[in-house]
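Which chain is which? The protein sequence lines are A and B, in order.
According to my numbering, numbering within the first sequence proceeds without interruption in unit steps and concludes at 116.
According to my numbering, numbering within the second sequence proceeds without interruption in unit steps and concludes at 154.
Wrong hints could be hidden among the right ones.
Unchecked claim - Calculated pairs, DSBU-like style, for lysine-lysine (alpha carbon to alpha carbon, straight line, at most 35 Å):
| hint | chain 1 | residue 1 | chain 2 | residue 2 |
| --- | --- | --- | --- | --- |
| 1 | A | K111 | B | K67 |
| 2 | B | K69 | A | K111 |
| 3 | A | K51 | A | K26 |
| 4 | A | K111 | A | K26 |
| 5 | B | K69 | B | K121 |
| 6 | B | K111 | B | K69 |
| 7 | A | K71 | B | K54 |
| 8 | A | K51 | B | K111 |
| 9 | A | K26 | B | K69 |
| 10 | B | K54 | B | K121 |
| 11 | B | K111 | A | K71 |
| 12 | B | K54 | B | K111 |
| 13 | B | K54 | B | K67 |
| 14 | B | K67 | B | K121 |
| 15 | A | K71 | B | K67 |
| 16 | A | K111 | A | K71 |
| 17 | A | K71 | B | K121 |
What the hints assert, rightly or not - Taking beta-carbon pairs under 10 Å as the criterion, some of the chain A residues facing chain B (in silico):
| hint | residue |
| --- | --- |
| 18 | V13 |
| 19 | S16 |
| 20 | L21 |
| 21 | R24 |
| 22 | K26 |
| 23 | Y29 |
| 24 | S30 |
| 25 | G31 |
| 26 | Q40 |
| 27 | V58 |
| 28 | Y105 |
These are calculated hints, taken from the structure and not from any lab test.
This structure is a prediction, so every number in the text was calculated from the model and none was measured.
C-beta: ideal position from N, C-alpha, C; glycine also.
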Amino acid sequence: AQSVTQPDARVTVSEGASLQLRCKYSYSGTPYLFWYVQYPRQGLQLLLKYYSGDPVVQGVNGFEAEFIKSNSSFHLRKASVHWSDSAVYFCAVSPMSNYNVLYFGSGTKLTVEP
Amino acid sequence: AQTIHQWPVAEIKAVGSPLSLGCTIKGKSSPNLYWYWQATGGTLQQLFYSITVGQVESVVQLNLSASRPKDDQFILSTEKLLLSHSGFYLCAWSPEGLYSDYTFGSGTRLLVI
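Next comes chain A alone, as it looks inside the complex (with noise of 0.2 Å):
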């Protein structure tokens, strides 16, 4: 069964500094993989997704991720974080049996202080 994990359920860092969200997934295959974040009491927003090509790749707002096959892992990045990127972030799969399903982490709820 697909499963994906993000260990850090918070992660707090200072506005400024770099930041490594970890997801990891369980899929005998190469799945599509996204990255969401969801802003207090609203719904979700893409902020990127990897199907298949250069394994990292470039979202909204200064993130990106790499899908890093062998260690089954699609970590989020960004150089510079800003307090307004506090929000929970969300690794989610879709298998390539089935893209209508999406099996999402637990989230990381990301503080960036001033």
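Starting from the known structure of chain A, arrange chain B on it as the hints suggest.
Quick look at chain B alone, frame taken from chain A:
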């Protein structure tokens, strides 16, 4: 431009009472539609998806059902609510086919007491 609208925005319901949550997509014909549930402070679980009118596939049921009575409408319902149904319900849509982005609605917050 396509818009997704969920209703109601929030509900407080009694255990054992019925529930109906709605989702409408405007500006896109034949979208794929999805329901997700998020327990308070928890992750998202996909409940159902539909790729065509009248056809709904279950992913995780949680004693809920879904229907797609019209091309642009997706309904989530139950006849008897449980305390465990409390949480945040999100509807989403995507165009048909691979490599399609999901667009999420702003959600319905449900409290069962």
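- Query: Minimum Cβ distance from S16(A) to chain B below 10 Å?
  - Reply: Interface hint status for S16(A): violated (25 Å vs cutoff 10 Å).
- Distance restraint between K71(A) and K121(B), which requires alpha-carbon spacing of 35 Å or less: violated, 44 Å
- Would you check whether L21(A) satisfies its interface hint, that is, whether its CB is within less than 10 Å of any CB in chain B? violated, 20 Å
- Message: Is the interface hint satisfied for Y29(A)? The criterion is a beta-carbon contact with chain B at less than 10 Å.
- Response: Given a least distance of 15 Å, the restraint on Y29(A) is violated.
- Item | Proposed proximity, K111(B) with K54(B) (alpha carbon, max 35 Å) | holds, 26 Å
- Query: Is the hint on Y105(A) kept, meaning its closest Cβ partner in chain B is under 10 Å away?
  - Reply: At 7 Å from the nearest chain B Cβ, Y105(A) passes the 10 Å test, so the hint holds.
- Under the criterion that the straight-line Cα-Cα distance not exceed 35 Å, is the pair K69(B), K111(A) satisfied? At roughly 33 Å apart (the allowed maximum being 35 Å), K111(A) and K69(B) satisfy the hint.
- Message: Hinted pair, alpha-carbon criterion (35 Å max): K71(A), K54(B). Please report holds or violated.
- Response: Outside the cut-off at roughly 46 Å; violated.
- Message: Given the hinted pair K111(B) and K69(B), is their Cα-Cα distance within 35 Å?
- Response: holds, 13 Å
- Query: Holds or violated: is the Cβ of K26(A) closer than 10 Å to a Cβ in chain B?
  - Reply: violated, 15 Å
- Query: Is the straight-line distance between the alpha-carbon of K54(B) and that of K121(B) 35 Å or less?
  - Reply: It holds: about 10 Å lies between the C-alpha atoms, which stays within 35 Å.
- Query: Holds or violated: K69(B) with K121(B), Cα cutoff 35 Å?
  - Reply: Distance ~33 Å between K69(B) and K121(B) Cα, so the pair holds.
Against the hints set out earlier in the document, violations occur for numbers 7, 11, 15, 17, 18, 19, 20, 21, 22, 23, 24, 25 and 27.
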